[in-house]
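Since each chain comes alone in its own frame, lean on the hints to assemble the complex.
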Amino acid sequence: MSTELSDSVIITLVLNGNQQAYAMLVNRYQQFVFTLVLRIVPSREEAEEIAQDVFVKAYKSLAGFNGTSKFSTWLYTIANNTALSFLRKKKIPLQSLDNEQTMFEADSKDSGMQANLIEQKSKSHMLTSAIALLSADDAHIITLFYKAEQTLEEIGQILGIENSAVKVRLFRARNRLKEKLETNFKQELIDIR
Amino acid sequence: MQNEDTMNLRLWQYIDGTCSAAEKAAVEQLIATDNLWKENYTALIQVQQLLQQSSLDAPSLRFTKNVMESIAKESIAPATKIYINNNIIKGLAAVFIGIVSVFVIYAFLQVKFDFAPADDKTLIPEHNFDYSVLFNNDWVNVVLALNMILGLFLLDQYLTGKKRKMRQQRG
Chain F
0 MSTELSDSVI
10 ITLVLNGNQQ
20 AYAMLVNRYQ
30 QFVFTLVLRI
40 VPSREEAEEI
50 AQDVFVKAYK
60 SLAGFNGTSK
70 FSTWLYTIAN
80 NTALSFLRKK
90 KIPLQSLDNE
100 QTMFEADSKD
110 SGMQANLIEQ
120 KSKSHMLTSA
130 IALLSADDAH
140 IITLFYKAEQ
150 TLEEIGQILG
160 IENSAVKVRL
170 FRARNRLKEK
180 LETNFKQELI
190 DIR
Chain X
0 MQNEDTMNLR
10 LWQYIDGTCS
20 AAEKAAVEQL
30 IATDNLWKEN
40 YTALIQVQQL
50 LQQSSLDAPS
60 LRFTKNVMES
70 IAKESIAPAT
80 KIYINNNIIK
90 GLAAVFIGIV
100 SVFVIYAFLQ
110 VKFDFAPADD
120 KTLIPEHNFD
130 YSVLFNNDWV
140 NVVLALNMIL
150 GLFLLDQYLT
160 GKKRKMRQQR
170 G
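If you read the protein sequences in the order shown, they are chains F and X.
Residue numbering for the first sequence follows numbering that gives the first Met the number 0, starting at 0 and increasing by one per position.
Residue numbering for the second sequence follows numbering that gives the first Met the number 0, starting at 0 and increasing by one per position.
Rather than coming from a laboratory, the hints here were simulated on the basis of the structure.
The beta carbon of each residue, even a glycine, is placed where N, CA and C say it ideally should be.
Careful, some of the hints might be misleading.
Only part of the chain X face toward chain F is listed, based on derived beta-carbon distances under 8 Å [unchecked claim]:
no., residue
1, Trp11
2, Ala57
3, Phe62
Same shape as in the complex, but just chain X (with noise of 0.2 Å):
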């Protein structure tokens, strides 16, 4: 079963040419002269023939007629590259930096770096770096935990789409 798999994917790709030069002379060896792969080349060249001459499926004829006369009540909706203003964007992406700079900065600016005299003995200098100082404040915890949950929120969104992909491969 997995021989006649392997085979049949050979000459697919041979008959849409998707194969290497060496790979299209080598099937093409088989074909001449093993009739088994003989047998099955000319069965898929035979469903391929079917498909190309095959004819489409026709609606009825008023057709264009609905769907001209249904887009007669419409109107074309903009481009979202019309209403959407890239300068907008660009300013609020800005301030939102700018706002996360300010912090970051301010928040360095209140630690006291207080490091002791370095000791012959000590390669790693002591210090009393006061975290409290970072953490000591309700509105510092509030933006915390808004972060973790969005950080929550965008992990779960990444893993649904990954599962939904896996899905669709496996299809």
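This is chain F alone, in the form it adopts within the complex (with noise of 0.2 Å):
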């Protein structure tokens, strides 16, 4: 029943002090900024210790939030903010496939998964493995564009770039997870067409 409330309705609540109502937004929204903050920080408990200091942040400004956008766009924004002070503070680089680094460590990770291969069936396994071998950079834009259900001027918002941008983004992200698909899981993608 509580979760048929809108997110502006819920926010009002919030704000007129029920404190409690803001447990349905969190409920609503955690597993989409988890996602986004795992695509980012790839550790699991720091990713979710950062995905709690996004809500906690949301809630301290939501009386600055004036609902020009949807709120999910305005989370997410805090998401990525947070995400990337924390590898600054903790000077982990961004991955970007523009850094022969990346691109050797991924590859590495390529062969490393071979052995894994027949056990990964799953469609969903399948393509968290592949995700998970992109940058940081395409992983993070693929999941706000198909997980966050976010418009390409949201996603401009979000990162803080240009619509085009976005566009030029994405389409490469796209391509790179095909390559991965192509590259390690061919089987797969044969058996389930």
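Below is the structure:
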């Protein structure tokens, strides 16, 4: 019953002092936020801590949410900034495919995964494994587009880039994902066709 | 390679439904008649379906409880629009513009426009414009220097922002 309330109604309840209503927003978006953060910060424990921090930050600044964008877009912007800020603090470079070292690491992961391929039959597992082989940039944009259900404009807003740049990044990311799937899961792809 | 990129780009636009009706018809025609296009389309549509069917990662079961415990100690910060009074900002702007206007008017009142009588052969009348009246004061020089520094600072900010944007786009 309570899950049917719209985001804006819940936000009004929280702003009017009903702190417990915030749990509905947390339940609604926790998987989206956690998945997004996990695409940037590979450790599950750290990703969970950051995701919790995202919800606490969002709560503290809830009064500043002016409703010009969707609540989810606003929340994912906080998630993106918090995860990137965590990487900067820990001095972990954000993986990018322009980086040769990243390409090398991805290739190493490719070969290391061969032994487990037979066990990875489920579609979801196959896709998750293939996404894990992508750079954080690619995995993040794919997750925003397909899982977080954000439009290209909204993704641009979250990442702070132009709409045209989002299109190019998404195009490249999907092509790289296709390559990873074809390289590592060729037989599985034929089986499910 | 470039051809394959172009093909993939057109196919993704077709799959996403972001291409025009004419482009859609053209791509459909290519898929129906060209084996390479058909093969690539099948591969891309499979990736698309996998992405649409994939599930999200779930955090631990205590996640919501942890967040609620954390926010119990916190309070919601007031929105900036509440504690920033627009009238105060407008007042500050009015004072600033007033000071600048007074300064400009005062400066021009000090100038002695002493135009020489127009000569038949001279198109532009000569005048004794005494610039020293404007620039003989130390305070004026200080204000000019400050403005120059401020201008350079703003230019630096603008160029840094532009550089960051370009790097992100290349990203």
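Interface hint for X:Trp11, Cβ within 8 Å of any Cβ on chain F: Interface hint status for X:Trp11: holds (6 Å vs cutoff 8 Å).
Identify whether the interface hint at X:Phe62 stands, where standing means a beta carbon of chain F within less than 8 Å of its own. 5 Å, holds
Hint status (Cβ of X:Ala57 to nearest Cβ of chain F, threshold 8 Å): 5 Å, holds
The structure shown violates none of the earlier numbered hints.
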